[in-house]
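Visitor: The residues making up each chain are set out below.
Number of protein chains: 2
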Amino acid sequence: MLEENRAYKELLDVYKEIKIISSVESVMYWDNRTYMPKAASAYRGEQISYLAGVAHQKRTDSRIGSLLQDLDAKNIDRNDTTVVAVNLREWWREYNKSVKLPQELVEERSRTAVEAQAVWIEARSKNDFAMFKPWLQKTVDLCLRTAEYLGYENEPYDAMLDDYEPGASTENTAETLTKLCAELVPLIKAIGEAPRQPDTSILKRNYPIEAQRSLVSEIARSIGYSFDSGRLDETTHPFCSGLGPSDARITTRYDENFINSALFGVIHEAGHGIYEQNQPKEHYGSPMGDFVSLGIHESQSRMWENVVGRSNAFWEYWYPKAQEYFPHLQDVSLDDFHFAINAVSPSYIRVEADEITYNLHIMLRFELERAMSRGELKVDDVPAAWNEKFKEYLGIDLPDDTNGCLQDIHWSGGDMGYFPTYSLGNLYAAQMYEKALDDLGDLDADFRVGNFLRLKDWLTENVHKHGKRYNSSDLIRTITGKSLSAEPLVKYLKSKFEQLYNL
Amino acid sequence: MLEENRAYKELLDVYKEIKIISSVESVMYWDNRTYMPKAASAYRGEQISYLAGVAHQKRTDSRIGSLLQDLDAKNIDRNDTTVVAVNLREWWREYNKSVKLPQELVEERSRTAVEAQAVWIEARSKNDFAMFKPWLQKTVDLCLRTAEYLGYENEPYDAMLDDYEPGASTENTAETLTKLCAELVPLIKAIGEAPRQPDTSILKRNYPIEAQRSLVSEIARSIGYSFDSGRLDETTHPFCSGLGPSDARITTRYDENFINSALFGVIHEAGHGIYEQNQPKEHYGSPMGDFVSLGIHESQSRMWENVVGRSNAFWEYWYPKAQEYFPHLQDVSLDDFHFAINAVSPSYIRVEADEITYNLHIMLRFELERAMSRGELKVDDVPAAWNEKFKEYLGIDLPDDTNGCLQDIHWSGGDMGYFPTYSLGNLYAAQMYEKALDDLGDLDADFRVGNFLRLKDWLTENVHKHGKRYNSSDLIRTITGKSLSAEPLVKYLKSKFEQLYNL
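Taken in sequence, the protein lines are chains F and D. Quick note: the first sequence, position 400, residue 388 per the numbering used here, numbers continuous. Quick note: the second sequence, position 209, residue 197 per the numbering used here, numbers continuous.
One should not assume that every hint holds.
Pairs involving identical chains hold if they fit within one copy or between any two copies, as the list cannot separate such chains.
Once the Cα atoms are required to be at most 16 Å apart in a straight line, the calculated EDC-like pairs of lysine to aspartate or glutamate come out as [what the hints assert, rightly or not]:
#1 K269 x E34
#2 K4 x E34
#3 K26 x D216
#4 K453 x D278
#5 K423 x D445
#6 K309 x E96
#7 K177 x E380
#8 K62 x E82
#9 K366 x E355
#10 K46 x E(-2)
#11 K46 x D243
#12 K(-3) x D60
#13 K453 x E82
Hint data in this document are derived by calculation from the structure and do not stem from the laboratory.
Input sequences plus hints: build the corresponding full structure.
Guide: This is the structure we're talking about:
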């Protein structure tokens, strides 16, 4: 039996050790973004880059190479989905990529990320793109150098994308996103012209933060997020992070005069957290206990945030409770509230965008990143290019860079190729949900009585428990019997919003 | 120049790396004790013991030994207080100690600490000394075995004390503490019989936690604790922890019906934090950037907590602000409040003891530890000896062992020789403060107008900035021109409390 093989066991131990180091690194990041004192930033950079360096060294240790060679990991059949085969295949994939990167580059990337993030925070608050520009340039250069070391099929962006969505190609992604956006631009236009419009001012009433905290915690718990293995904290740019097999923490930001940020932010992050909390613990530290890709991760958050959390059935259960927390909602009907939280309207900030326009925010970033990676767009010209595309897709002008190209943390964190996975998440979510309805029947009936665990268990069964058994394309095919397509998302969005807006 | 020496530089790098690992470990502990979710506990244990193992391996690497040998670190003149000499001397000291201990003993000590602590928690809650007895015996045996490996001048307790207070001798410590207690026992008796007594019930009114949090934060900031390089969080057993050169965090616990815990707890921890924040950053990771000893660390917290924080002048400034936070204090005079926070009264629990009786709690533990280490006291007889001494020093009977010899965590953690450093802290603080008054003149005048920074800067200049340049005995002599003596503390306590109690 291969499980008994000494080489395989040694690999399990090595990767368990690497996971300890990288999970410690995650704690350092979490702290960095929640509670760390300001002045600690520089040394935190040293701590993190040291850990990243040690982990990188271990990941690229030639001992792994020779163990994998002994086990012929390179030639594992992609269709063999047994535990050992999956682990060997993924270890090989990771090892092969990581040995291509020089230690010096890896360390510079993590150091740059920490420093650039501190600058970005200030630049954003001061609306000062010039302050951030050299760091963006450095990030682009580092990402391109990385891509050259890794190699790619058609263009450097393939290598960048592959970091977040293994196996995805820039060209296919561009094609699917183009199809999606081609359907969405006219839909957005029709919605903008519709006579029936929601009153979104009700979302901008006074929502005391303590009450928000209680409501969103209750909701997160109800959909299956465990606070015994997690927690909810405040941060500037919300995220979810797995810090251990029983430690997946989520974060949010509260706006006293806008319920959406924390409400849908937390449902979103809880979706990520539920995925982290339900991966098989016995495989923690090996690919079978890890998530598939950012796109699949995002499908979990988007499904809970949008498909479930913005559905009428969900609010049939939660709205009376929300009215208790915020008595001023007593004069607002469930329908009006439901319409308001589904308002579609072009806006500046990606993380606050509605379910439809969100995808155009992504398209814009994807195109800009791709252009930068091809040398077709200079860092100097990013603000202008951003504003121009924004106008083209969403029809409105941006007031400043704080609301434009300085809004996202990603570039300051060294992440290029990450953005498309958000829209891929929407696409996977819609396609999976279609199948969940086939399998489980009337989920709305569950939601109306506050039962969200049948869906959660279906997701655990079909997605979470498999770890990296399948890559994202294979997973979506395994679950739904079809390759990823724009169709289910387009269908879902059209049906929902044509009804809401009476089109 | 020795600074240019390649071996010296290599040592600096090695120890810088060890410091990165141990500072990461500190972040993991801090998180463990503040925010970590419950279910994460087991894996956190794995993460921390991995980091501790790596650091231990690096600390005892024979490469360090041969570099130190090349530099003849063993024979550095103790009076040479240049940076290089200090670092070499302290590195040698640490390395030489660590290689003397067999790995098997080190591991047994940490294993025993974990197991003994679990038993101690149960024994304490059940008031069952018999249950804890075998573990105390094992701890004493392990500490004695350790002392034999390390060597000592006069008695094994020297080696134990040396772990926490390098260079201190058992005999000198005993002599100073004996003198101190000889003066305090009659003082406590006189205080107990004094007709004028404080009304401490005012400290047990309702103190809303949010207001406590604001007040104690304001105070901590005013005495020089930096929130840019630190933060204040809640925990069960308050502590201060240095997580980096610009990251020293403090913790507290709030009791809504007792102002003292958080109020003096935070001033105390802030004193530790100020020490951590003002060690020379350019020497972070080497002895010149590290604290002297537990006693000196404690002198910083005790000076701010007691000498400053319980002084009349301090409250002349802060009391009107406290009355704003807690309007029910409007009917309490400053004098009554000041008297209440300085109430002296024998009590069972060390951590809740007042400024005077605290030292007798320590004397008792010190004498028992020393007697055990000499084989003059059997573990079986600890409860009886404890109770007898307690009656002798504090004049009251103990109800049970939970309130007696089972109250402290130290023995179960394998720490023998730690207790005396608490009283040494009080002694150092009083002797330093006497000199600060000589140098700075009327500090009370500063305090009355809320200026605490002249004292803080004096401490930085005389203590913080020297790192481990001097050991504690040398430091106190360098600052005050005299060896440590009981006199300043006795004088300070007598003058303060004779006045307060009208003796």
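Visitor: Hint by hint, which ones does the structure fall short of?
Guide: 6, 11, 13
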